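Chemist: These are the residues of each chain, in order.
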Amino acid sequence: MSSELTLTILLAGLITFLLRWLPFRYQGDERKPLPPTLQKVLLAIGPAAIAALLTVSLVPMVSTSPLGTKGLGACAALLSIALYKRYFGGIALPTLLGALVFGVAHYFFKF
Amino acid sequence: MKSLFQGVVSSLSIAAGYIPIAFGFALTAMEAGLSPELTLLVSIAVFAGASQFILVALLASGAGIVSTLGTVLMMNARHLFYGPAILPRLKAAGRGLPTPLLAFGLTDEVFATASGHLEKLTPEARETWLLGLEAGAYSAWVGGTLLGVTLGAGMDALPPAVDAALEFILPALFFVLLLEVGVRQWLGTILTTALVSAALMTVLPGYHALVLGMLAGGAFNLLGGRP
Chain E
0 MSSELTLTIL LAGLITFLLR WLPFRYQGDE RKPLPPTLQK VLLAIGPAAI
50 AALLTVSLVP MVSTSPLGTK GLGACAALLS IALYKRYFGG IALPTLLGAL
100 VFGVAHYFFK F
Chain Z
0 MKSLFQGVVS SLSIAAGYIP IAFGFALTAM EAGLSPELTL LVSIAVFAGA
50 SQFILVALLA SGAGIVSTLG TVLMMNARHL FYGPAILPRL KAAGRGLPTP
100 LLAFGLTDEV FATASGHLEK LTPEARETWL LGLEAGAYSA WVGGTLLGVT
150 LGAGMDALPP AVDAALEFIL PALFFVLLLE VGVRQWLGTI LTTALVSAAL
200 MTVLPGYHAL VLGMLAGGAF NLLGGRP
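Taken in sequence, the protein lines are chains E and Z. So for the first sequence, numbering that gives the first Met the number 0 puts the first residue at 0; every next one is plus one. So for the second sequence, numbering that gives the first Met the number 0 puts the first residue at 0; every next one is plus one.
Treat the hints loosely; a few may be bogus.
Derived DEER-like restraints, expressed as beta-carbon distance ranges [claimed, not checked]:
#1 E/Pro34 - Z/Ser138: 31 to 39 angstroms
#2 Z/Ser66 - E/Phe87: 42 to 50 angstroms
#3 E/Pro35 - Z/Leu79: 18 to 26 angstroms
#4 Z/Val161 - E/Gly89: 21 to 29 angstroms
#5 E/Gly88 - Z/Ala31: 33 to 41 angstroms
#6 E/Gly89 - Z/Leu150: 22 to 30 angstroms
#7 E/Lys109 - Z/Ser138: 34 to 42 angstroms
No lab work stands behind these hints, which were simulated from the structure alone. None of the values given here were measured: they were computed from a predicted structure. Note that CB positions come from ideal geometry on N, CA and C, so glycine has one too.
Same shape as in the complex, but just chain Z:
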């Protein structure tokens, strides 16, 4: 129970970013014509930030079910690598929790936080800590969406400076998480990833550049990076 609670506490950093972004997602979805109920369903069922915005945009534009789902598949393909990267650290003390439960909440931010933190925990505590982290993050995401569908309809547009601050929350969180995992020890991987992703963004959609940049950074580690 203690590690579960610690996981929830660790999720507060993610919640700080999730609540305003989920709130913004709710406003965007309703502006695009989705009902409050469907808006909430997207957050409950999908639980994947950027692809939710794209999903709503495609639904609003009348895109077909096949192209919509194909886009979601491509955008979230990077999640294929998260489980294999996390699992060895969970296996250390044997596994007890059902894998669907652990896998459901494996978002970018949960994975990034877990990557930097799991090694610091005793093996026995890792699974329940991860479950607490995911539960806290999921509650924040769904809660932020619920706030948005409840309060958003009557709100005027936010001041531009507040909009700008909200826009920067995710990059800020990713930068903080990068500092958590250690820039110096992963410098080669980080630089390779950043350069490849930035270069590919000039010719590819962001979610393709993200996956390929990430794989390039992973491949860099084969060239004499960390064992």
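Isolated chain E (complex conformation):
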């Protein structure tokens, strides 16, 4: 059983690595430039990926009470991040601030 688990984990790692590496390997060939259309799509993939990750991580958290205390807690956390980032910049501290605000909101409103 343990050897089957180990094999499954290693194969999962290999699959994940190949998903990341094969496009690098293919596109690394200078004789195969990407079509302009695809280049335009890929240019936007970064912001799109971040927006999708944010949506997919946030929606399940607040879907049970989007206008209730949990949704408001999330809004307060995001607002605190935006304000901090506007005046002080950075990435780590605004991230932790947002988590802190959400945790404090949870403490007081018990959602």
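Fit chain Z to the known structure of chain E by using the hints.
Modeler: Using the frame of chain E, we list chain Z on its own:
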């Protein structure tokens, strides 16, 4: 070396999120019945947050190897697009580092951070900066898992407010990264992605909605977005 160090420094923002989540992953994995050694192996070999939680849940439920690996494949399919999006910016000064080394650590958060930062670097510095970013992120992830397997067994449950704060760390990090890449200049792409992802989540699993929403946002750029 300087750009490598700068990459590691840039990874601190990712580490702030990775360490507590990796710690939580270790606790979840051991609660599901995985040994500390296998728990650590998952983080070392897979290095992909959400799919690790799903992987552990499937292993604990006794799911077969084929369905487990198929789920991992579907969940991580979005990583196919990360390399092609990053590579043109790395090509600018020619490439020197082996692609497997650069590709291994290309997680969501590494990709998101690199997307917003690579353009600000000189072309010569980009590869080593990315390597530093990935090394720092990987160390944080494996280190957080190691902390979890070492300390987690003897811990009582965390207070609910702390649990809630940890739950919000990843959404907070993604929001910060979105502000980094610039909301105004990518507004159409962002709104398209968010609306499509949210709508699809009502009928599809999250990882499908994520990939399709992301592609919708990419496709929006064809309609007159940024050149």
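Chemist: Now tell me if each hint is right for this structure.
Modeler: Now the hints, each set against the structure:
1. At roughly 38 angstroms, the beta carbons of E/Pro34 and Z/Ser138 sit within the given window of 31 to 39 angstroms.
2. Our hint of 42 to 50 angstroms for Z/Ser66 and E/Phe87 holds, since their Cβ atoms are close to 47 angstroms apart.
3. Taking 18 to 26 angstroms as the suggested C-beta distance range, the pair E/Pro35 and Z/Leu79 conforms, at roughly 20 angstroms.
4. Between Z/Val161 and E/Gly89 the beta carbons are some 23 angstroms apart, a value that agrees with the proposed interval 21 to 29 angstroms.
5. Distance hint check: the CB atoms of E/Gly88 and Z/Ala31 are about 40 angstroms apart, consistent with the given range 33 to 41 angstroms.
6. In this structure the supplied range 22 to 30 angstroms holds for E/Gly89 paired with Z/Leu150, their Cβ-Cβ distance being about 28 angstroms.
7. A hinted range of 34 to 42 angstroms for the beta carbons of E/Lys109 and Z/Ser138 is consistent with their spacing of about 36 angstroms.
In summary, this structure violates none of the numbered hints.
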